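There are 2 protein chains.
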Amino acid sequence: MTEQYISSDEFKGLLAGAAGQVNSALACLLEKHAGIHSDLKRAMAYSLEAPGKRIRGAMVLWCCEAVCGEIMPGAKAAAGAVEMVHTYSLVHDDLPSLDDDDMRRGQPTCHKAFGEAMAILAGDALLTFAFEVLAVEISDAEAASKLISVLAKASGGAGMIAGQVADIAGEKSGGGLEMLEYIHTNKTAKMFEAAAVMGGICGGASKEQISDLRGYGMAVGLGFQVADDILDVSASSEELGKTAGKDAMQEKITYPAVVGLDESKRIANDLADKAIESLSSFDGKADVLRQLSIELLSRSR
Amino acid sequence: MTEQYISSDEFKGLLAGAAGQVNSALACLLEKHAGIHSDLKRAMAYSLEAPGKRIRGAMVLWCCEAVCGEIMPGAKAAAGAVEMVHTYSLVHDDLPSLDDDDMRRGQPTCHKAFGEAMAILAGDALLTFAFEVLAVEISDAEAASKLISVLAKASGGAGMIAGQVADIAGEKSGGGLEMLEYIHTNKTAKMFEAAAVMGGICGGASKEQISDLRGYGMAVGLGFQVADDILDVSASSEELGKTAGKDAMQEKITYPAVVGLDESKRIANDLADKAIESLSSFDGKADVLRQLSIELLSRSR
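Just so you know, the sequences run in chain order U and A.
796 is the number that this note's numbering gives the last residue of the first sequence; the numbers go up by one with no jumps.
796 is the number that this note's numbering gives the last residue of the second sequence; the numbers go up by one with no jumps.
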């Protein structure tokens, strides 16, 4: 194992702190969202305020801090927007015609709790609200426009949704490593990449810094998904807060299924190293980002 | 009937021309959308390129022209974004768990043609792409940010989606005129209002002009929905390109059901007058907008 940049205990404390900041940003943004239909708001809040790890949101905050030394107010709004898009994607992916999941983040999925129509609309509203938040809360219009462009590209038809389409098409097709990389890059890693870049934009990063953060986010995102695949094989539903073993049941292609468990762990390790290397031009303020890549990897050991 | 500002024939020609500009903007934007998953793109294009009237898109172009005398390049992108959001809303509203419609714009609905999962994802991708288009194509970041804010507010949980939630809740509940106005204002009129305001922003409108265009768009949007309710009672499925008589079948609350057919026609007439009054400070370049309100109304006579 590589060296520790900060202790795991300290990291856990920092992640809890960042998650707290993301959660209060989300609650505040939703509260300010005037005129929203009350039934809809209940469904949105149910999924948005469920106990998520907020890793993507934390990454926005920490990348901002790594660049400029503090968490700018815009970074909190951007972290909220990223978590809104992530949550909408879970709500829609869980639907009966997609992954058909009953449990998510330790509670019934949105459509189980509110019905399918409301879950579709709550997902739509969360996605729309993410862009509204960026347009309204980011006072520098240049930054707002860039953030919206980055988030839309990462989450849209050439990003997260492309990954989801390939994931559905890949079920039972026995696709190989190439398809697996396409799915994971698009479905998961591009949103991590976007989170890192958005944090950088909020901190006023240079072009070179943005490029480094892009490499970092992509490596962490891919590593996260490999670790997630490994966990789905080895952890219980209770530990995951969602149905375990579903990938195999649905015959989804995963790293352990395609390259085996040992090779999957080696790939996750390599990606953690790559993530850390991407941050070589950053000082100690980026140690929490370095440790994040180690912690995400160690989930699967 | 009120006076004609331009002849109906000339208006039809202008609308066809505007629809052509919107269609070519949509085709061009989708073509440029690199990296999009090919199956997904097919489903998006299927719904986006179906023969819609493009009234919302035309309104963006014409409001821009009414303000500055020409259709700025940004207005075409904005018109495309508005039609993308409108199309996504149709794709999702037609889903089995929502309105469960089989036909739309004279062809099978997206989920009938591509399956439910793909229709959900194609809708999501169209919505996301609308915001990407505004962030990427509008070179003036201040304008881009304003356009995104206006579109997101109109189409989100305090706008179009709120109307859809109320519409579902209102079925069989026998809600009165107040609920009907809430549904139509949110579900339909706010998107017309947004289209008018967005056209104004693209043309560099003053605050007063934006305010006038807001009033115009809202009145036309409400009138359009009243006319649509009347048509659903009186026209055939073939004329509509979608299932006729569905409102009554689903016991949706509509203007004819709540206030009767004659009163519905009177309301539509009043709204056309109100729309025209809103444009009193505009010169002859706004005549096509004035005529639009008359033409939309006359659909229901």
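Hints listed in this document are in silico derivations from the structure and should not be mistaken for laboratory results.
Bear in mind the structure is a predicted one, so any value in this text is a computation, not a measurement.
Among these hints, one or two may not hold up.
No distinction is drawn between identical chains; accordingly, a pair holds when it is met within one copy or between any pair of copies.
[Unchecked claim] Computed cross-link-like contacts, SDA-like style, restricted to lysine to any residue with a CA-CA straight-line distance of at most 25 Å:
| no. | residue 1 | residue 2 |
| --- | --- | --- |
| 1 | Lys548 | Asp782 |
| 2 | Lys536 | Thr680 |
| 3 | Lys607 | Ser644 |
| 4 | Lys702 | Ala529 |
| 5 | Lys747 | Asp635 |
| 6 | Lys747 | Ile501 |
| 7 | Lys536 | Gly665 |
| 8 | Lys527 | Thr680 |
| 9 | Lys702 | Asp778 |
| 10 | Lys702 | Ala636 |
| 11 | Lys548 | Ser776 |
| 12 | Lys536 | Gly508 |
| 13 | Lys747 | Glu632 |
| 14 | Lys507 | Lys527 |
| 15 | Lys507 | Glu673 |
| 16 | Lys747 | Asp768 |
| 17 | Lys780 | Glu544 |
| 18 | Lys536 | Val631 |
| 19 | Lys536 | Leu593 |
| 20 | Lys548 | Gly755 |
| 21 | Lys760 | Val631 |
| 22 | Lys507 | Pro591 |
| 23 | Lys536 | Ala664 |
| 24 | Lys747 | Gly779 |
Hint-by-hint comparison with the structure:
1. Taking the shortest Cα distances, Lys548 and Asp782 sit within 25 Å of each other inside one copy (19 Å), while across copies they are farther apart (55 Å).
2. For the identical chains of this complex, Lys536 and Thr680 are inter-copy neighbours only, at 19 Å across copies versus 32 Å inside a copy, given an alpha-carbon limit of 25 Å.
3. In the homo-oligomer, the alpha carbons of Lys607 and Ser644 never lie at most 25 Å apart, since the shortest distance is 33 Å inside one protomer and 32 Å across protomers.
4. In this homomeric assembly, Lys702 and Ala529 come within 25 Å of each other (Cα to Cα) only across copies, at 22 Å, whereas the closest approach inside a single copy is 37 Å.
5. Taking identical chains as interchangeable, the C-alpha atoms of Lys747 and Asp635 are never at most 25 Å apart, the minima being 43 Å within one chain and 44 Å between chains.
6. In this assembly of identical chains, Lys747 and Ile501 lie within 25 Å of each other by CA distance neither inside one copy nor across copies; the values are 36 Å within and 60 Å between.
7. For a Cα distance limit of 25 Å, the shortest separation of Lys536 from Gly665 across copies, 17 Å, qualifies, whereas the shortest one inside one copy, 34 Å, does not.
8. Taking the shortest Cα distances, Lys527 and Thr680 sit within 25 Å of each other only across copies (21 Å), while inside one copy they are farther apart (34 Å).
9. Proximity of Lys702 and Asp778 under a CA criterion of 25 Å is satisfied intra-copy only: 17 Å inside one chain copy versus 47 Å between copies.
10. With identical chains, the CA atoms of Lys702 and Ala636 are at most 25 Å apart both within one copy (18 Å) and between copies (19 Å).
11. When the C-alpha separation of Lys548 and Ser776 is checked against a cutoff of 25 Å, the pair qualifies neither within a copy, at 28 Å, nor between copies, at 54 Å.
12. For the homomeric pair Lys536 and Gly508, neither the shortest alpha-carbon distance inside one copy (30 Å) nor that between copies (43 Å) is at most 25 Å.
13. For the identical chains of this complex, Lys747 and Glu632 are neighbours neither inside a copy (39 Å) nor across copies (37 Å), given an alpha-carbon limit of 25 Å.
14. Taking the closest pair of Cα atoms, Lys507 and Lys527 never come within 25 Å of each other, the shortest separation being 30 Å inside a single copy and 43 Å across copies.
15. For the identical chains of this complex, Lys507 and Glu673 are neighbours neither inside a copy (34 Å) nor across copies (51 Å), given an alpha-carbon limit of 25 Å.
16. Taking the shortest alpha-carbon separations for Lys747 and Asp768, neither the intra-copy value of 27 Å nor the inter-copy value of 59 Å comes in at or below 25 Å.
17. In this homomeric assembly, Lys780 and Glu544 never come within 25 Å of each other (Cα to Cα): the closest approach is 29 Å inside a single copy and 50 Å across copies.
18. Proximity of Lys536 to Val631 under the C-alpha cut-off of 25 Å is restricted to the intra-copy arrangement: shortest distance 19 Å within a copy versus 30 Å between copies.
19. Taking the shortest Cα distances, Lys536 and Leu593 sit within 25 Å of each other both inside one copy (23 Å) and across copies (18 Å).
20. Taking the shortest Cα distances, Lys548 and Gly755 never come within 25 Å of each other, neither inside one copy (27 Å) nor across copies (54 Å).
21. In this homomeric assembly, Lys760 and Val631 never come within 25 Å of each other (Cα to Cα): the closest approach is 42 Å inside a single copy and 39 Å across copies.
22. In the homo-oligomer, the alpha carbons of Lys507 and Pro591 never lie at most 25 Å apart, since the shortest distance is 35 Å inside one protomer and 44 Å across protomers.
23. Taking identical chains as interchangeable, the C-alpha atoms of Lys536 and Ala664 lie at most 25 Å apart only when they sit on different chains, with a minimum of 14 Å there against 33 Å within one chain.
24. Proximity of Lys747 to Gly779 under the C-alpha cut-off of 25 Å is found in neither arrangement, the shortest distances being 40 Å within a copy and 61 Å between copies.
Consistency with the previously given hints fails for numbers 3, 5, 6, 11, 12, 13, 14, 15, 16, 17, 20, 21, 22, 24, ordered from lowest to highest.
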